[in-house]
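Protein chains in written order, with our numbering: chain A, 1 to 361; chain B, 1001 to 1361.
By construction, these hints were calculated from the structure, which means they are not laboratory data.
On a predicted model such as this, the values are computed, not experimentally measured, just so you know.
The beta carbon of each residue, even a glycine, is placed where N, CA and C say it ideally should be.
Among these hints, one or two may not hold up.
What the hints assert, rightly or not - Covered by chain B, per the in silico footprint, the following chain A stretches (three or more residues, Cβ under 8 Å):
#1 221-231
#2 236-250
#3 278-285
#4 318-326
There are 2 protein chains.
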Amino acid sequence: MLGFRRGCFEKVCVSSHGTIRGRVPRGLWKEQEQLETPVKRQLPPPGPSSTFLPPHTHTLDPSHTFWIVPFKKISPSFDSQTSQAFFPKRPIMEDLISREPRDLGRALCIITGASKGYGRALAFQLSCRLKPRSVLVLVARSTAQLNELKEDIVSLCGQNKLDVRCVQADLEETEGVEKTVQALKETNSTEMDHVLLINNAASLGDVSRFAQSFTDPAEVNRYLSLNVSGALSLTAGVLQAFPRRLGLRRTVVNISSLCALKPFPSWVLYCTGKAARDMMFRVLAEEEPDVRVLSYAPGPLDTDMQLQARRFSGDLNLRRSFCSMFSEHQLLSCEESGSKLIKLLLDNNFPSGAHLDFYEL
Amino acid sequence: MLGFRRGCFEKVCVSSHGTIRGRVPRGLWKEQEQLETPVKRQLPPPGPSSTFLPPHTHTLDPSHTFWIVPFKKISPSFDSQTSQAFFPKRPIMEDLISREPRDLGRALCIITGASKGYGRALAFQLSCRLKPRSVLVLVARSTAQLNELKEDIVSLCGQNKLDVRCVQADLEETEGVEKTVQALKETNSTEMDHVLLINNAASLGDVSRFAQSFTDPAEVNRYLSLNVSGALSLTAGVLQAFPRRLGLRRTVVNISSLCALKPFPSWVLYCTGKAARDMMFRVLAEEEPDVRVLSYAPGPLDTDMQLQARRFSGDLNLRRSFCSMFSEHQLLSCEESGSKLIKLLLDNNFPSGAHLDFYEL
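Could you put the whole structure together from the sequences, leaning on the hints where they help?
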């Protein structure tokens, strides 16, 4: 870490490798790494289509253009001339700077684990991308938080535009899945042109212990029940309730993780569950070519789950790594990660069944 | 398929691409595919270090040398001169042609799902590789078949050489895992220099249906309970019961599958379970550097599971493919696949946590 650039670029920190650390869109890191020499550019003329890099507390909004400091080395006291160097916009960010209104159609959109964290953020973000008279179904175990969220979304969108429904259900139980599917069936599917299911509900599991402590299959079963079986069963129920029909787009999103691909010590339940889910949805993609299936790894989000990871991870190196990411503001906001997921859904050209990571996009 | 070579090379069939089909070691296929022109060699002098390719009904034994017909094209009536063409031995097969006695030490060896199929074959093969006064624990749900197997192994090895024990247990239940671990604790671990656990027990699940039919989480849970939770819990129990000790080698094998990596339509339970297991054991390998962890994909074995696959696979292309593999004698014998696993264990230089496939070795 060689320096900070303050002013309109708050807390942008450039490492000795030319990579940027801090609350900046991480998708840009790769270009920073490829950067051999500093690029000097003039500030673009201020106008509605551009703005500065948002400060680190700023929520990344799709309507913003941002510019990244591209210096390979920045001293703490670098001068005003170099501070005016900018990085060209990346094509991948086109949508984020686009003002073209795009939507996900008149949709029945179901979000599990919607009461807090990533699910809650996605509910807000998706509600802005659904056509009038869409139905947004929020599923979680906690009624109180769901109702609050519903009120917030309705006050944002207006009741006439979006029909927001709450389903209190425990998806690890047969009854919970049945109750949710039953609630969905109340929607007249012939009026919809998109069914979008976001399988977000998940738990971290006990990360304080190592694999060799899990001697009781009943404990492992309980974890897999919510994180694997529940996700498969709800997906199956939704696809059965809304079968293939001309003009009906069907999309299933699996909120995945790097842990689906990479083993993390002391995270045996989480890694196992995520790997299982990824494969489950890959099979689904093979079987149902008309269903658009996406496993999206949202990156390390600044949520309660990360708090648990920092506090309880049994592997000390991993715990330190999470603490360091937090203190160095490397965690992503749910909105930042959600924007990229929504862009994927809007573009709708991902290979079905693919595992796509926030950082690869 | 251009011809058959009979005589000492029974049922060796060479395709137009120069590949060999039939019950021959599949590890040699690649070299056959690379073969551009027929290689003619003289028969090696008969002697203790060489023998002919065993007929297709022969159990491949590590002490055998075999030779493969390398012709690119063989007519059904090819003459005696061409029949004397041979393929050089592959380095990978060194162990199979070696007469050097190697063993897995004085071991406590546990095999789950031992009553039939691959588990049963491994029990036989491993019993020949354990030092005198080793303990072989056979675990399965069926007592009768286990006792038969025990008798067969004892009559092969002699009671004084090997202590064979049977444990009737259902590993998807907490009691089953506890009962098995309790039975293992009766072994005096200080006398052992190797604890070897083969997690072989598995079920195929209902392959007649597609993912979108699995609407009941309880059904999915039951599958994962044996195939994922049971394997983790038993492994944890064994590692706890036999902790790290100087001079004690600890090896955990996960009998994996290509399905851990590749989605098979209508096999959602099996693929999900195998992917979950692979990840679970990768985490274990990260956490316990002293434990040797191997996920071994044994290839398509000629077992009851393959019979189920041919009869019931809901995906017709997959079913046809399995039927074709069967009719073209492409299925592997348990012994052939087991030999390669045993070679891996004897060599003991695989990267811990790796997924290794019969065909890649």
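The hints, checked one at a time:
Requiring three or more residues with a Cβ within less than 8 Å of a Cβ of chain B, the coverage given for the region 221-231 of chain A holds, as 6 such residues are present. Counting residues of the region 236-250 of chain A whose beta carbon lies closer than 8 Å to any beta carbon of chain B gives 4, which reaches the threshold of three, so the coverage claim holds. Evaluation of the coverage hint for the region 278-285 of chain A: fulfilled, as 7 residues show C-beta separations to chain B shorter than 8 Å, against a requirement of three. Given a C-beta distance limit of less than 8 Å, the hint that chain B covers the region 318-326 of chain A is violated, as 0 residues qualify and 3 are needed.
Hint 4 alone, counting from the list given before, is not met by this structure.
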